[in-house]
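Q: Starting from the known structure of chain A, fit chain B onto it as the hints suggest.
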Amino acid sequence: MTTSGRTEARSSGMAVWKAVLLMLPAALLSSLTWLGNLMGGDIDPLIVVALVASWLGFTVLFVLMLTTGKTYRYRSIMFILTAIALPLDFIPYMVETYGSMMLADDVMFSGGASFCPLTMPMIIIPALVKGVVIFPGEILPGTAKGAFSIMFILWVGASLAVGRGWCSWGCFYGGWDELFSRIRKKPLIKHKQIDSRWRYLPFAVLLAIVLLSAITFSPIYCEWLCPFKAVTEFQAPSSVLAVMQITIFALLFIGLVVVLPLLTKRRIQCGLFCPFGAMQSFLNKINIFEVRIDLEKCTQCKKCIRECPTFSLDESSLESGKPLMTCTKCAQCVDTCPQGAISYHIKGTPLKANPTVAKVLFLYPAYILLMFLGAGSVAAALYRILMLVTTGSMLH
Amino acid sequence: MLAWATGSLLAGAAGYEGLLIGIAYVGLSVLLLVAVLRKKAPSGSCAFEGARVTLNRWPAFLPIGMGFLVGLNICPPLLLAFTGAVSSGSLLGSLIFFLAFFLGTSVYFVPIPFLGVFRRVSALQIVGKFAAVIVALYYLYAGILLLAGGVL
Chain A
1 MTTSGRTEAR
11 SSGMAVWKAV
21 LLMLPAALLS
31 SLTWLGNLMG
41 GDIDPLIVVA
51 LVASWLGFTV
61 LFVLMLTTGK
71 TYRYRSIMFI
81 LTAIALPLDF
91 IPYMVETYGS
101 MMLADDVMFS
111 GGASFCPLTM
121 PMIIIPALVK
131 GVVIFPGEIL
141 PGTAKGAFSI
151 MFILWVGASL
161 AVGRGWCSWG
171 CFYGGWDELF
181 SRIRKKPLIK
191 HKQIDSRWRY
201 LPFAVLLAIV
211 LLSAITFSPI
221 YCEWLCPFKA
231 VTEFQAPSSV
241 LAVMQITIFA
251 LLFIGLVVVL
261 PLLTKRRIQC
271 GLFCPFGAMQ
281 SFLNKINIFE
291 VRIDLEKCTQ
301 CKKCIRECPT
311 FSLDESSLES
321 GKPLMTCTKC
331 AQCVDTCPQG
341 AISYHIKGTP
351 LKANPTVAKV
361 LFLYPAYILL
371 MFLGAGSVAA
381 ALYRILMLVT
391 TGSMLH
Chain B
1 MLAWATGSLL
11 AGAAGYEGLL
21 IGIAYVGLSV
31 LLLVAVLRKK
41 APSGSCAFEG
51 ARVTLNRWPA
61 FLPIGMGFLV
71 GLNICPPLLL
81 AFTGAVSSGS
91 LLGSLIFFLA
101 FFLGTSVYFV
111 PIPFLGVFRR
121 VSALQIVGKF
131 AAVIVALYYL
141 YAGILLLAGG
151 VL
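Line by line, the protein sequences give chains A and B.
Sequential numbering of the first sequence, starting at 1, is according to my numbering.
Sequential numbering of the second sequence, starting at 1, is according to my numbering.
Hints were generated in silico from the structure; no laboratory data involved.
Here the structure is a predicted model, which is why all the values come from computation and not from measurement.
Glycine included, every Cβ here is placed at the ideal spot set by N, Cα and C.
Not one of these hints is a red herring.
One side of the interface only, derived from the structure: several residues of chain B facing chain A at Cβ under 10 Å:
#  : residue
1  : 99
2  : 122
3  : 123
4  : 124
5  : 126
6  : 127
7  : 128
8  : 129
9  : 130
10 : 131
11 : 132
12 : 133
13 : 134
14 : 135
15 : 138
16 : 141
With the rest of the complex left out, here is chain B:
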């Protein structure tokens, strides 16, 4: 619903919605490609290494600080999906978009609730990574076309 509301808001920005969504597509799909193709998993890294070191010095702030940083953590697939849902133009479209997003990301999330059972199923993770690359390439191309003049 938030995505649909944002889309409705953008619709008011006559002439710029294509540009804004195009920029978001390109930026976020590149981010998704980087997230998938780099060797280390995003969940194991920290964007603010200095802040983490500082927080380690003051153990009292650690839980709050870590929670805050987790909140800041960028999730490229979610942001890309949000942008896609924004551009769908209807509430039903946005809902379908996030249903598809849920189904797609389930490939990644399956191992979490069944720790120890599915974690060894590396096949799912390989499929998830390949699929993420394909989706990222699709949106990268869609974003470039939007920036080039809204051909798509």
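Only chain A is shown next, with the shape it has when bound in the complex:
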């Protein structure tokens, strides 16, 4: 072996050790989360298999993220897995507990629905004015899956840690959008054909639902617009009103989450409709992590604008060196920029500061968020699948 060959081998060996050392704290932290699921009761061997397999899978993907420079690809795999896993576990749970994923009115209004983070913008004004939480889910942990108090603490922590990064790392619905946006190789509707004014729609939806919810004391978005009821739970079609609501959310799911992402290769629901994402955009302002463009390296090829899945880059971004406030920090632009001009950055530090350090410091809270919100579902879904294979049923 030549001297240069030996040097290369040594440096690649160092890189692997570095990655292992970087990954260790995350692997230990995540193992605690998975071990928590084993506490109490008899340990089913299938649960152990599901937990170990999902823990190993996530850890390997995190190592790949750290070592290969393909953050977007491996984030996307984890993100899509968590989105698919949620209904795989949640729907059987609903069937076991309530007999169906359709909730009767009395169950819905007695707090049988599980609390969802998307309700956060709507509950603030009624909670301040009347001291009531208008979503019928539980406030403290109980029988339902996920309570308001837990979700609120998670949301505050996650918003401080990653800002709108929530939408590409924490949201357990966004993966559906991302899945369908990645199926086609080329878009049938190109980004230039989409009027840029649609980017303001999520802010309008946010404004409208916050005000209408304050006026009507009901979670308007959940009742009328949320497409993700298609993969969780919804009100039984016991009245004309409920039938209308089911029709609307089903059409929104098909249109915004399936068809339009397929045609445009963009996350249409996340980028052009979701009011929670709009609210998170404001929280991007108080988050220390951001994505920056080095204007000295940038050749204005505009590949980043064409590739951004959430419409968060435009011509003005290439002038200012920053994406728009709607950036979800998904790393697509970071990975695809041919000049390596786009990187994660910590606010207040020089732009030329080591981007690898900023990336690692961002990836840690982002990965931990993804793990806390999604890894449990992945393990549980895997367990249900193993149950199906071994017993022929996904139900207990």
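A: Chain B in isolation, oriented as in the chain A frame:
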């Protein structure tokens, strides 16, 4: 308070309050949709073009006449909000309704007190227009349901 008082008055009209509010919802939400979706801003138009021409011939009446016409100018969001507040059924409900109305319309009004500073922020106007369409559709649907038999 006026909205609450009107609501209390309507409550006396047994059997008809749903119908009246339903008609108002449908009519005013359609008006709001028209106001938002037409290309020219409502503030730049005049409902009584003939009257304006006549007033122009008699300059002495112009300020009074224009003031009167401004008073007649229909503001669909305000009327829709008033109708909504009427149907809220309580003084607190009416007050919250107009608080929400104030917050919502502030998106439109922000450019006025800071002329020259915020006028260029067309984003706010786009957001305001989109939000107005969503609210109008919501009330249109609510009005249709009220007219159809009070399902909502």
